[in-house]
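Whenever a hint applies, use it, and build me the whole structure from the sequences.
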Amino acid sequence: MEITEKDVLRTTTKLSANDILDGKVLSVKWTPNLKYAWDNGPAIGRYLAELKNGNVIAKKCNSCNRVMIPPRMFCELCWRPSDEWTFVHDTGTVNTWVVSHVDWKAGRLDIAGGIRPYTPAVIEIDGASKGMGILHLLDEVDPWKIFRGMKVKAVWKPAEERTGSITDIKYFKPIE
Amino acid sequence: MTKRVAIIGVGTTGFRATTPDVSYRELTYEAATKAYLDAGVEPKQIDAFVATSEDFLEGYSIADEYSPDQLGAVLKPIYTVSGDFLQSLASAQMMILSGVANIAVAQGMSKASNMLTLSDMVTFAMDPIYNRPLGESPHAVAGMEMARFLYETGTTREQCAQVVVKNKRNALTNPLAGHGVALNMDYVLNSEIVSSPLAQLDISPHSDGAVVVVLAEENTAKVFSKKPIWIRGIGWCSDTPGLETRNWGQAVYAQMAGDMAYKMAGIRNPRKEINFAEINDEFSYKELQHLEALRLFKKGEAGLVTEMGGTEISGEFPVNPSGGCLGVGNLFDLNGGHTVLEVVLQLRGEAGKNQLSNITTGLAQSWRGVPTTTGAVVILSN
Amino acid sequence: MRRVAIVGAGLTKFYRNTLETPKELAYEATKMALDSCEMRLSDIDSVVMGTAPDAFDGIHMKGEYLSDGAGAFRKPYMRNFVGGGTGVFAPIHGWFHVASGMFDTCLVVCEEKMSSAYPHPAGAFLTIFDHTTEQPLFPTLIWIFAIEMNRFMTTHGYRKEDIARVAVKNKKNAMDHPSAQLPAEITVEDVLNSEVMAWPVNRLDISPTSDGAACLILAAEHVARRITEKPIWLDGVGWCLDSAYWCTRDLYYPDYLEVAARQAYKMAGIKEPSKEIHIAEPYDPFTYKELHHIEGLMLAPRGKSVQMLVDGVFNRDGNLPCSPSGGLLGVGNPIAAAGLMKVIELYQQLKGEAGKRQVPGNPSCGVANAWGDLMQVGTVVVLRK
Chain U
1 MEITEKDVLR
11 TTTKLSANDI
21 LDGKVLSVKW
31 TPNLKYAWDN
41 GPAIGRYLAE
51 LKNGNVIAKK
61 CNSCNRVMIP
71 PRMFCELCWR
81 PSDEWTFVHD
91 TGTVNTWVVS
101 HVDWKAGRLD
111 IAGGIRPYTP
121 AVIEIDGASK
131 GMGILHLLDE
141 VDPWKIFRGM
151 KVKAVWKPAE
161 ERTGSITDIK
171 YFKPIE
Chain C
177 MTKRVAIIGV
187 GTTGFRATTP
197 DVSYRELTYE
207 AATKAYLDAG
217 VEPKQIDAFV
227 ATSEDFLEGY
237 SIADEYSPDQ
247 LGAVLKPIYT
257 VSGDFLQSLA
267 SAQMMILSGV
277 ANIAVAQGMS
287 KASNMLTLSD
297 MVTFAMDPIY
307 NRPLGESPHA
317 VAGMEMARFL
327 YETGTTREQC
337 AQVVVKNKRN
347 ALTNPLAGHG
357 VALNMDYVLN
367 SEIVSSPLAQ
377 LDISPHSDGA
387 VVVVLAEENT
397 AKVFSKKPIW
407 IRGIGWCSDT
417 PGLETRNWGQ
427 AVYAQMAGDM
437 AYKMAGIRNP
447 RKEINFAEIN
457 DEFSYKELQH
467 LEALRLFKKG
477 EAGLVTEMGG
487 TEISGEFPVN
497 PSGGCLGVGN
507 LFDLNGGHTV
517 LEVVLQLRGE
527 AGKNQLSNIT
537 TGLAQSWRGV
547 PTTTGAVVIL
557 SN
Chain Z
559 MRRVAIVGAG
569 LTKFYRNTLE
579 TPKELAYEAT
589 KMALDSCEMR
599 LSDIDSVVMG
609 TAPDAFDGIH
619 MKGEYLSDGA
629 GAFRKPYMRN
639 FVGGGTGVFA
649 PIHGWFHVAS
659 GMFDTCLVVC
669 EEKMSSAYPH
679 PAGAFLTIFD
689 HTTEQPLFPT
699 LIWIFAIEMN
709 RFMTTHGYRK
719 EDIARVAVKN
729 KKNAMDHPSA
739 QLPAEITVED
749 VLNSEVMAWP
759 VNRLDISPTS
769 DGAACLILAA
779 EHVARRITEK
789 PIWLDGVGWC
799 LDSAYWCTRD
809 LYYPDYLEVA
819 ARQAYKMAGI
829 KEPSKEIHIA
839 EPYDPFTYKE
849 LHHIEGLMLA
859 PRGKSVQMLV
869 DGVFNRDGNL
879 PCSPSGGLLG
889 VGNPIAAAGL
899 MKVIELYQQL
909 KGEAGKRQVP
919 GNPSCGVANA
929 WGDLMQVGTV
939 VVLRK
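Residue numbers (our numbering), protein chains in the order written: chain U, 1 to 176; chain C, 177 to 558; chain Z, 559 to 943.
No wet-lab data here; the hints were simulated from the structure. Computed from a predicted structure; not experimentally measured. Incorrect hints may have been included.
Quick list of in silico lysine-lysine cross-link-like pairs, DSS-like style, CA-CA up to 25 Å [said to hold, decoys possible]:
#1 Z/Lys909 - Z/Lys730
#2 U/Lys6 - Z/Lys730
#3 C/Lys529 - C/Lys403
#4 Z/Lys943 - Z/Lys788
#5 Z/Lys824 - C/Lys220
#6 U/Lys145 - Z/Lys718
#7 Z/Lys943 - Z/Lys909
#8 C/Lys210 - U/Lys60
#9 C/Lys210 - C/Lys529
#10 Z/Lys914 - U/Lys6
#11 U/Lys14 - Z/Lys589
#12 Z/Lys824 - C/Lys179
#13 U/Lys170 - U/Lys105
#14 C/Lys220 - U/Lys60
#15 Z/Lys909 - U/Lys6
#16 Z/Lys730 - U/Lys14
#17 U/Lys6 - Z/Lys589
#18 U/Lys6 - Z/Lys788
#19 C/Lys448 - C/Lys474
#20 U/Lys14 - Z/Lys914
If you want it as C-alpha cells, here you go:
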C-alpha cells in the first residue's frame, strides 16, 4: 500500500516558534538540574596537573611506538597498558581548522560589528606521534590566512591564573 | 532455537561508593581486561560488542561515543543499548543466534558518585507534562508502590526490613560489595521515613563499578571455556511508562519477562527447577514483589518465607547471596550486570564465602528503577 | 541465517516545530506502518526504538517515555543509541531480533522532537565533546563538521561550489517527498551566498533540525510472505565505531563506514558495490557528507565523487541515483527518524511505489547508511527486491 501525501500530512501539525513563545499553545517549561563531578583518573589527571605547571605531557605505548596525547592509561589499538610518561612541546602544526560565525548555542557572532570569528583547529602536537592532535583555539592570526601545516605555539595564562584545565592554554598562535 | 549461547568470561572492578582514582575509561578497561583473560580471548577475536549507557547518567549527550576504546573495540562492530545491562546481554545473544557473531561482549558501567544532582536526574525521567510539574521526589513513586504492594499482599514493613538485614549482611562476606553492614531490624524500621512507608534504610545506596561479560556460541564456548554457563532463557518487557496507567501493586514487567524466559528455557515449575536467584532489591519491598511476580512464591508468601529465613544463604531458596542492590549498591542500569555476574560466579563455584552448594540453575533479574516499568530476566545453568 | 523482510513502513511529515508530543509522533508513524500492511499491534512480537540524544526531547531515559507511543506496551522493547547512526542502526537491531529466531516480527520505530530544546537544539551538542579536554573550549557540532569538510576539501582539492550541488540536487528531489520540511529549487549561488556558519560550512550546506518519526515493520520470511506480495529483503547489515580520540584520525575518509559497508556487502553477497548497487541513500546531514559517504560506501573511488556528481551520475535519472528522497538536506533531519526515512525511501523505490520520486530502471538493490557520534559511527543496510 503506497503512503499517500494525504496520509502523511495528517500526521503532524505545524507550529511556528512564535506560537509557543506567544502562548498560543499550552506549554510546560523545565530547566534540568544536571551537575556532575567527573573523576578524571590518572591519565587526564596528570595531563591537567602538568598544564597547571605550564607543561604538556603525553604517554607512550612501546608496542606500537605511539606517543599519545591526550595521555591514556592503555593503548586502545594494542589493547595493553601504556608505558612511560613523556613531556612533549607546546608547539604544533595545524591539521585542519574552521572559521566560525556561531557560538555553541547557535547564536550568531556580530562579525559585521567587528567581533573576531572563532577559529578552532585540530593541532598536531610536536613531540607526539604524527597525527596526534588536540582540539584548541587559534588566535592572533587573520582567520583567512590559516593554512594546513601552519606552525603554531601555545599562549599560556600566567602561572597564578592556571587552574589545571585545558584553558590554561588560552590559544595557539602562529610562530613568526 | 537451534543454537545455544554461553557465558565464557566475566570481569568486574567490584562495586564501591566512590572511585575517585579512576575515570570511566580505566574502570571499564579493568573489567574488560579481567573478562577477556577469564574467557581466554583477545579483542581481535571478539566479533561484536554491546555497551550499556544512558546519556544523563554519564553526562554526555551521546555516551556511545566513548565506548569503544576501553573495550578494544576501535573500528569494530559496537553499539549502545540505552537500557538495562540484561537487555544488552539479550542483544548480544541475539547477534550470536542470528549468525552475525560467534563471540560477543556486553558491558556496563556506573559512576553514580560523579552525579551531583541524582534526585533531579531521576525526576528528569518523569513525564514532563503530567508528573514533573507536581514537584514530587522520585522516592514518592517507590513509596506509593510499596504502600500498594503491602496492602495487596499483606506483606509487612518488618518483612521488608528483614530483606535489608539479610542482604546487607550477605554483602559483608562478598569482597565485591560496597555496602555490607550488620544491622538489626529495629534499626531499619526506625530509620527516617522518606516517603511513607519507605524509610531511608529501605533504599539502596549507590555504587560505582563496571562489569564486562563475554558470550560465545555453543561450539566456540566449548573450545574456550571449561565451565561455560549456558543461557537457557532470557526475557525482557516494558509495561506502561505512565504513572497513571500502571499496576501499582504488582510488577507486571517482571512477570512477563520471567514468563518469556521460562518458556525459552522450557521451565514449567520455576521454584523447583531454579535453585537460587539474584533479584532487584533497589528498594527492600521490590525483592518480595519481584519474587512473587516471577512465580517463585505465591502472592503474599515472599514476605513470610523471608521472615522464616527461607531466602537466606542457608535457606531453601537463597535470594541475593551477593547482597543485592542493598548490599552491593545501586548501580542504575548496571544492576543487571551485577546480578548476572553473581549467578555466573555461583554456578562456577567461584563465589567465595557466600558460595551456595548443589546448584545447577540460577536466575538473574533486573529493573530499571523509578519511574520505569521495564525489567529483564535471564536463566543460567552450568 | 533466517531471511528478514520489510513488510510495512510509516513516516510523519517533518516540521521544525510540531504540536504533537514525542509519544504522539511515534504513534503516528507506527500506526501508519501497521495500516500500510494491514497488521495489528497484536501481530508484533518485539519493538526496537531508535532515538538520539535525550537532551532534545528533554526527558531522561527517553526510551521509556516513548515506549507506549511506540506500541511497546507489555512487549519486549529495547532502545539502541549510536548517535546519528541510530536511524539506520535501529533496523539492524530489529534484524537481530528476527534473524536470531527469537521473534517473528519486529516493529522498528525512530522518533525525534528536537524543538523541545531551548534556546536551540544545537546547544545539546556541546556535551558530545569530552567534558574535560574539549568542552571548556565551548565547541559546537558545526565546528566539527566544518573541520571535517575542510580536511575533505583540502585533501582532494574539492571546491565548495561543486559540493554545493548536493544541496541543489537534494532539495529539488525533496519537492516530490510528502514529508519534506524545506523542499526548494535553489542554485549553487544560493548556497554559496547563504550565511556563513563556520567556514567552509554555509547555512544551506546544513540540514534543518526537525520533529518527526518513522517506522518499519520487519518479519521473518515465512511470515512476510503471508503479509505481502512484495517483501523487500534486509540482506546486509554492517556497523562500526571508531575511536573516541577523533583528533587522532585523518578525517578526510570515513574508515568506519568502509568497515561497516564491507560487512554489509559481504553478508549480502555483493562483490562490486559500484556495479551491483542500483540506488543509494547516503546520509547527508551536510552537503559534503553525502560525498564523503559515497566514497566510504565504495560507490565511488576516493577523490572521484565530485566529478561523478558534476557529471550527473547521482541524479535520479543518473547511473547511481543518490538520495532520490531528497535526503536530510531536503526532507529534514529529526536525527533518528531521518536515518530511517532513508531506509524507507529504498523500500518504496524497490517496491516501485515511490511515486514522483521513482527512479527509472527498476532498481533491485539499494544501500543506505547513517553516521553519528564524534565522526565515528557507520551503520549500513543493504536492501533487495
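Against the structure, the hints:
1. Z/Lys909 - Z/Lys730: Roughly 22 Å between the alpha carbons, so the hint for Z/Lys909 and Z/Lys730 holds.
2. U/Lys6 - Z/Lys730: OK: U/Lys6 and Z/Lys730 at ~21 Å, within 25 Å.
3. C/Lys529 - C/Lys403: Distance ~20 Å between C/Lys529 and C/Lys403 Cα, so the pair holds.
4. Z/Lys943 - Z/Lys788: Measuring from Cα to Cα gives roughly 8 Å; hence the hint holds.
5. Z/Lys824 - C/Lys220: holds, 19 Å
6. U/Lys145 - Z/Lys718: holds, 18 Å
7. Z/Lys943 - Z/Lys909: Holds, at about 7 Å.
8. C/Lys210 - U/Lys60: It holds: about 23 Å lies between the C-alpha atoms, which stays within 25 Å.
9. C/Lys210 - C/Lys529: Within the cut-off at roughly 21 Å; holds.
10. Z/Lys914 - U/Lys6: holds, 15 Å
11. U/Lys14 - Z/Lys589: holds, 19 Å
12. Z/Lys824 - C/Lys179: holds, 23 Å
13. U/Lys170 - U/Lys105: Distance ~21 Å between U/Lys170 and U/Lys105 Cα, so the pair holds.
14. C/Lys220 - U/Lys60: Holds, at about 22 Å.
15. Z/Lys909 - U/Lys6: OK: Z/Lys909 and U/Lys6 at ~20 Å, within 25 Å.
16. Z/Lys730 - U/Lys14: holds, 22 Å
17. U/Lys6 - Z/Lys589: holds, 15 Å
18. U/Lys6 - Z/Lys788: holds, 23 Å
19. C/Lys448 - C/Lys474: holds, 13 Å
20. U/Lys14 - Z/Lys914: The given pair, whose Cα atoms are some 24 Å apart, holds under the 25 Å limit.
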